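Chains as they are written, first to last, in UniProt numbering: chain A, 1 to 332; chain B, 1 to 283; chain C, 1 to 507.
Incorrect hints may have been included.
Below, in silico cross-link-like pairs of lysine to any residue (SDA-like), each with a Cα-Cα straight-line distance of 25 Å or less [stated by the list, open to error]:
{"hint": "1", "chain 1": "C", "residue 1": "139", "chain 2": "A", "residue 2": "258"}
{"hint": "2", "chain 1": "A", "residue 1": "14", "chain 2": "C", "residue 2": "140"}
{"hint": "3", "chain 1": "A", "residue 1": "14", "chain 2": "A", "residue 2": "176"}
The hints are simulated quantities; they were obtained by calculation from the structure and are not laboratory data.
Computed from a prediction, not measured in an experiment: that's the story for all the values here.
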Amino acid sequence: MSNLFTWITEKFRKNTIIPIFLIVFLVCSFFIDKFFSLGNFVNILGQNAEKGILAAGMTFVILNGYFDLSVGTLMGLTSCLTVGLTPVIGLIPSILLALCLGAAVGLINGLLVTKLKINAFIVTLAGMTIFRGITYMYTQQTVRGSSKAFYELSRGSFLGLPNPVWICLAFILLGQAVLYFTRHGRNTYAAGGNMSSAQNAGINVDRTVILNFVICSFCAAVAGVMYASKFNSASPTLGWPDAHMLAIAAVVLGGTKLSGGYGNMFYTLGGLCTLGMINNAMNLLKLSSYYNTLVMGIILIIVLYMDIVLREQSVPSKRANIPGAPKKLQKE
Amino acid sequence: MSTIRTTKIRIAPNTTYVIIGGNFDLSVGSILSFSTVLVIQLFNIIGPVAAMLAVVFMGILFGLISGLLVGYLRLNSMIVTLGMMGIVQALTYFVSGGKNSVLKNAETSWFLQIGQGFVGFIPTLVVICLITVAIFEIVLKRTVFGSQLMSVGGNQIASRFSGVNDRKLVTLTFILSGMMTAIAGIMLASRVGSAQNAIGEGYEMDVIAGVILGGASLTGGSGSVVKAFIGILILRVLDNGFVMMGLPYSTQWLANGLIILVVVCVDLQSKRAKIQGKGGGKA
Amino acid sequence: MENEYILEMRHITKSFPGVTALDDVDLKLRPGEVLALCGENGAGKSTLMKVLAGIYQPDSDKGEIYYQGQRRIFKAPVEAKQAGIIMVFQELSLVMDLSVAENIYLGSLPLKHGRIDWKTLYEDARKVLAEIKCDVDPKTPIGSLPIAQRQMVEIARGIALGAKILILDEPTSSLTDKEKDVFFENIRELKQKGTSVIYISHKMDEIMEISDRAMVLRDGKASGDFATANTTIDEIIQCMIGRSISNYYIKNKAQPGEELLRVEGLCREGQYEDISFSVRRGEIVGLYGLVGAGRTEIVESLFGITRPSRGDIYYKGKKIQIRNSVQAVRHKMAFVPENRKEQGLVLGETCRKNISLVKLPWIKKGGFVDTAKTFEIYEEYRHKLKINAASSEQLTAQLSGGNQQKIVLGKWLAIQPDLLILDEPTRGIDIGAKADIHRFISQLAEEGMAVILISSEMPEIIGVSNRLLCIRDGRICAQLSGEDINEQRIINAIMNQPEDRSNPAAS
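My request is simple: use the sequences and hints to build the entire structure.
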């Protein structure tokens, strides 16, 4: 029995998102009525499907040791383009165009970061303002959608869960498969963990980074398209001001290290669901949506703190111990 | 002249310090919003002096929290201030009750003199601004504090080993940042007389852009307040130019983004050339 | 054509802007041979190896590399690696969060049906680790292993990649003596299998022990080629620096004065326990121990970087508490840390700014920094320590290791400390600069400074210390002085072996 206990504690220690998720879940379930119901859970998932795809893409970039601040406004741009161009060139071509745009943006981001060696913060920060500019140049107000079929797509459901949720899950599982089973995935971990080692080992780090940025921006584009479908309209304010913050928070809360090299998709899923639960709880408590940012802010800081405290306990310090030294002088 | 009255310039010196120290303060925008809103709200209740003191106190408090988290707990400054930004933003809505804030019965108050008065021909705000920039630059380049800050940004650990209280310095940069931003909020309130809740939204990015434009290194360890001042000035002039040409706000954003990219690119190339030139690779 | 050499490098020249790193260098290597590459820092050893490993390309068409009888050009590390030339770097090139197996096969993970074949990966890793007698579970993340085992994994990687030529750059700098023996065993086994090893090292005794031949570079030129069995350390050193080092270590002749520092019962959870000793003016107290014994932890507590959980520190007779380096500096203590690049210097800053960093609070003129004084400080110590830099405004990042260390030393001497703590001050530094630093330390002691010296090199610590503390597993296992400072006593203390009373002064 104590073995089971130790096993659980170890798992909790290594995968911090599990206890976090459980605590939030239990607290919400006990203190808020209407929280613990199937309908509400489905609701939470449905609300966060698009954000989940955003976070999934962001996971790749963060694992690689970078981050992408432009995903929010890119999402807004692709959303507006999808809806706005449908009457002009048709639904499918619009969607394809948006997706291609996403991939292209990722390519540019990746090239700027790897070949020109510009700091990712600056590149994606610039990208964020540039896309916002382009979006507003395209339209100053909400664009109304014109395709009923498109709208139905996100309304439909399968086995009780809305379609977008399935799409999100698909992305998460696919993403995890890539991370675990493909060379690119392992290269991402290597490059994020120690870029020069990866380089010296013959890994094409530049190509890895670029591909991850492409994935991230592509996911942002997908999220934009999905929002367009969900609302059957697109507002230029979509994704502003803090969609990127939410995505990064989900990834970091889940346990993926901001410095890269450690983490996975399931962590992100956990982080996403936890943030979703908190958001939902605040809605149920009829707290103003302004407090959203308050909570997210506090969470970010707490997560960061826990990351430092818990992480340092499980990986010993730089100074190695001599094997066989008396027990009490060894670090746990 | 009106360009120099921009609030972003007033946030530049403290942001420069934070960046030189190797960190980022993404919460300045929301602290600005909060300060502007709070000073107006309090002015209507307890008068100018008390309002100003309270607001500056809050600014220092926010800076202290961020500073302790980054300086002593060594948390990532981007994420911490991202978090603070959310918290302070929420507090702003709380204080204002969700509505715009407007100064009441202020016509006869000296408070408006700060933002709308003149020293001779020059607006008071401009004078304050230039003096602030000068003081911050001199402190940076010529005092022990400034030199130590530069070395902390260059290598925090080595500085800690070299008799420099790196943690205190980093915390100080954040406290200064909060305080100066609060003061900037007061000045903004004095100039305009009213404030929307999101008035400072996006400011942090623009100020950082200007500081980088002015040559500060993103990883810390080098920079100049005067050059940051010029950097932001340039960006503002460009923005104004767009407005005067009748172009919409969106063009500003687009142009700002592109400019940042180009400038950083050019700056990096020249830095790389400098390192190559001096003494090549060591075996 | 059967060639007795697996590798021939001819007329290799390599320049960088402003400096010629290699000048017409030839190198020959036989299969199964261990070739030591010696030379002062900056002599070109690393550059030559990087050319071989494909990281650099030799200038123009003058240089040629013949590998296995064929002319080869390695345009990238990948090409050299595929040919079997593997370089194991001084800074370990491992990814901490990944498992041992992934690190061994970094960049070349096995695939099955297009997916990563984890089962084969772990099996292959187990096999390779068994070959070098390293019993580590291939699934463990590397970050949780001690440094010595990480080094083994690096070697395992070389073997796994089928290295025909293994280039090792200072591989034993973090190994204990026992680990070093195991390591050399592995090298001998590799030799048996026909793998050649190029071994870059400053440690003469190791070179004599393990290598078949020793090649010397001086100022980018080939300066000597010896069969190890037929030569002496002194001969090799002469070839390296063009002069003989006699009186290699100069012990200071100072008379120890009053007690400056006394430590009683210092403890820190998990790092050291029951540490009590004292240091007098004019005295050099050595701290010897294996890597990881806790010496650095002790002095870091003295200096205020960390805080002891128990114990008292008496300085100049008074009990004091030091909470950070600022307070330590105020007490006129100085600390030259182990890692000069990460802990000792702000690499992106100029020599002048680095060297005046600690003194800064004291060189004020009317509230502002007295810039003229900073130039003076630089000049003073440039002269005293013979620092070789282009100018006071040169970035410390561009200096050689020895000169960098001198800047760190100068920085501390500028405050005229009473107590100077040095942590492995001559690690990775060439012989010439080493001797300079030793001489200087002795001089300082003679002038009345109290010195604590941490070193893992026995000859150094024996040669320089007046008194010696042996540290094992965080405890002082012996305090030696005078005649007792010799190899035998030290080894006995560290290995906890019973003393051989019948032969007390054996060395």
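Tested hints:
1. C:139 <-> A:258: holds (23 Å)
2. A:14 <-> C:140: holds (14 Å)
3. A:14 <-> A:176: holds (18 Å)
Consistency with the previously given hints is maintained throughout, with no hint failing.
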